[in-house]
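Student: Listed here are the chains, written in short residue letters.
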Amino acid sequence: MGAFRIDEADRPHLVRLLVIWIVLSAIGVLAVLQIHYPPYDQTVQGQDQSRTLALLTALATPVFIAVVMMVLYSAVFFRRTTPELVDGPPMLGNTPVQIAWVAISAIVVLFLAVVGIATLASSNVAHAVGQPGRAIGQAGGQTGSGTPGGAGSEMQVQVIAQQWYFTYRYADYGGVETTHLYLPVDRPVELHITSIDIIHSFWAYQLGVKADANPGVDNIFHVTPQKTGSFQVRCAELCGLWHGNMADSEGQVVSQSAFDIWIAQQQKDFEVISKAVPSYAPYYFPEPLIKGG
Amino acid sequence: MVVSERRLSLPNNPITGIVLAIPGYFAGVWLGTLFGLDDDQNTGIILGYLFATAAFLIGIGFLNYPLERLFGWQVTPVTDPAENTGIGRFFRLSLDHKVIGIQYLVTILIMLLFGGIGAMLIRTSLLVPDSTITPPGNYISLIGLHAVMMIFITSAVIVGPFGNYLVPLMIGARRMAFPRLEALSFWVVPPAAVILAAATFWGGFPTGWTGYPPLSVQAGQGMDSYIVGFALIAVALVTSGINMLATIIGLRAPGMTWTRLPMFVWGIFTTSILGLLAAPVLAAALIMLAMDRTVNTSFFLASNGGSNYLWENLFWFFGHPEVYIFILPAFGIIMEIVPHFARKPLWGYRTGVVGLFGVALLSWFVWQHHLFVSGIAPVLRPFYMLSTELISIPTGIIFLVVLGTLWRARVWFTVPMLFCMGFLFNFLIGGISGVYLSDVPTDVTLHGSYFSMAHFHYTIMGGEIFALMAAAYYWLPKMTGKMLSPTIGRIHFWWMFIAFNSTFFPLFIVGLLNMPRRVAAYNPDLVGLNRWVTISAYFLFGSMLVFAGNLIYSWFFVARPAVANPWHARSLEWQVPTPVPAANFDRVPVIVAGPYEYGIPNARPVADLGGIVGATGGG
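Top line first, the protein sequences correspond to chains A and B.
Each step along the first sequence adds one to the number in my numbering, with nothing skipped, and position 20 is 20.
Each step along the second sequence adds one to the number in my numbering, with nothing skipped, and position 3 is 3.
Each hint should be verified, as a subset may be incorrect.
Simulated crosslink set (DMTMM-like; lysine to aspartate or glutamate; CA at most 25 Å straight-line) [what the hints assert, rightly or not]: (1) A/Lys227 / B/Asp525; (2) A/Lys227 / A/Asp186; (3) A/Lys275 / A/Asp172; (4) B/Lys482 / A/Glu250; (5) A/Lys227 / A/Asp41.
For the record, the hints were derived by calculation from the structure and aren't laboratory data.
Next up, chain A with everything else stripped away, as it sits in the complex (with noise of 0.2 Å):
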């Protein structure tokens, strides 16, 4: 083995191949962070995803880079230039080179993975993927969140989901179920995501959120919007017939006095239909227990 050494026939295309990869690596990161990533800055933890898109992005361009260059300067270089056939140099490994390669491919992943994992451990995404937080009265499901509530000032609202369209309700206004979903901005929420039938997934896009609806479980995602606007929100996992219409494009962050206005007339409208509703609870079963959910 000994030390790294570099054959002679090898040094032309190593040096040509090296100023090639720097200048259009150095190229092709710059562009690469001029993009705007979704889900943009609505939320805390949306501007956490885009950064770390960014991120990931500025890495693999590299990369790419790297390996499309190698790809395309052997089509160019290394193609046969005589009619007949005639055979390569024989070489059979570098095992320095090998090395060399897993390790710089080991480092890049485990730059990638601490740097995941130290976002995931960040209070904002940490929450934003489900954490144990405040429950409702009781534990959840496979989230973990069998925390018993302490005092918080996170907002707890219910995202119930059913086919094929979702529903909401604000725990901390005695239980009130609504159409659209309205958040106050600058104020935690803590959103408890459950269905009633089959497998949903809430995705507020602009938000930053994803989570899967299932029946009888609670799932638990922390977001914090920080910009009034409106959102998007979707259903993310096929859930049958209708499934590409379960959408609502009404989704709107606002500010805490337009919440508050919003929030009273919906407590006003719910006033009549509250008692066909069952009481507020961590999740749901239709009545009686069939197959089918």
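Could you slot chain B onto chain A? The hints should help.
Tutor: The following block gives chain B in isolation, referenced to the frame of chain A:
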């Protein structure tokens, strides 16, 4: 002792099979209606499909041999491979691995046509952002049929035709270890495809290929097609897996040591391990789903104490190794073909094998990355994020081996080589986009969107199907005895490569811009991109027609006979005559060198085909 004089003389062919399958189906339906607990006939339909399949296999002749052995009955014999000539042998139960390879090839090409037509209908529907072209019910049936048909195809498209045909030739064997199992692994595929297609009579099934309950329990009778069809494919994966492993381990010619084994055989070897171990999990999950649908168990129904997470975990415990079942043979093909056209030894043979095994091993530890947003325990996420990202290390090794082989090579730019290079480009994009999906924070936005759809089409179509095309142009001359036109081949490559990227790259953007998978109605802002994709998809379909045209043109109109070794390749399968003799080798060959020793001074030919009198298999 009275030896039974009974003689069954059914003509064993697919027509007998179909004639028996029809009463088989109705017998199953009758039994199910008699004893079934459910009132919507699911029991009867599932039994009907199973009875029909069994009857079809009996009609093909699968019972002949066991009956003969068990009871001494004289039944129509399965003919000896050497006597089994003529076009008719492709329509009968054959124990010749070369015949089974061709049977698989033709069957899968026909299935591919239907799967592709499904894709075209899906894209046509997406020309408009609402459900006006295709009603939503038809749309979700279409995506389910397209998805499951393509999964059937891609599970077998390399192992079936090329694995069966080439593995014995490449290791110096005269047959597979278990020829009857090999035949069974083929003959369950046509019934699986027909049963899947039968779902259309019941209005299809609404779940896509993942079959998530409770929707799949709630679904109509089309769902039964999914269950039985998929279970038959699981049978094919298990039988083919155990057969390939036994063949590669036990039937290698003398001198075919593990370090002389061609890379394609290593690809088949690793994929067979995965198929053998993963498919039973699918079968178990499907049986539980069938019970939920028929005898009112509630494995997967939360309202009666079950959990849909049970299905999600079982399905993806099978499902993630399954996608490596698709790609490992493709890796094998690329590492096999590139040295022959680079005219250089494979750069890092052992490293490449380690890469294949690394992918195969890690594929068991990643399945919950499909469930990041499903509500799984948060503490599990970092592990599955790390394990998923770790797969890029062995995958990177495979890229390194190929790039090292190309380094300072004398590349002969044939059509197979073009497809190998196309594979490298497409699979690179597919692999990098996989990292985006493995990262939990970004997966929150990307999961279930067109981004993930574009990702797996880049890996499966851009990867596996491009490798399949490389294999087709490379090996079909040996298998069919006819060269394919290189001119049409080049047109095919460039057409397919450009149309493929033009179809699927914009879908990454569509996914980032808020379009979920499997919807007939979408955000009208995205109509421009979707129309671009649809037009590109038509061109992509056109490129497949160019391939079909090349097959027809080269086989029937030009019919330029292939010489034994058109690529001047060293490996063993090119040293036998074309067409390949019925017994493959006159004598068991003795392997004296590796398959990729190009440019090595005084390298010996790969094998002594004269053989040693009395030599036996095993190595």
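Student: Failing hints, ascending?
Tutor: Those not satisfied come down to hint 4.
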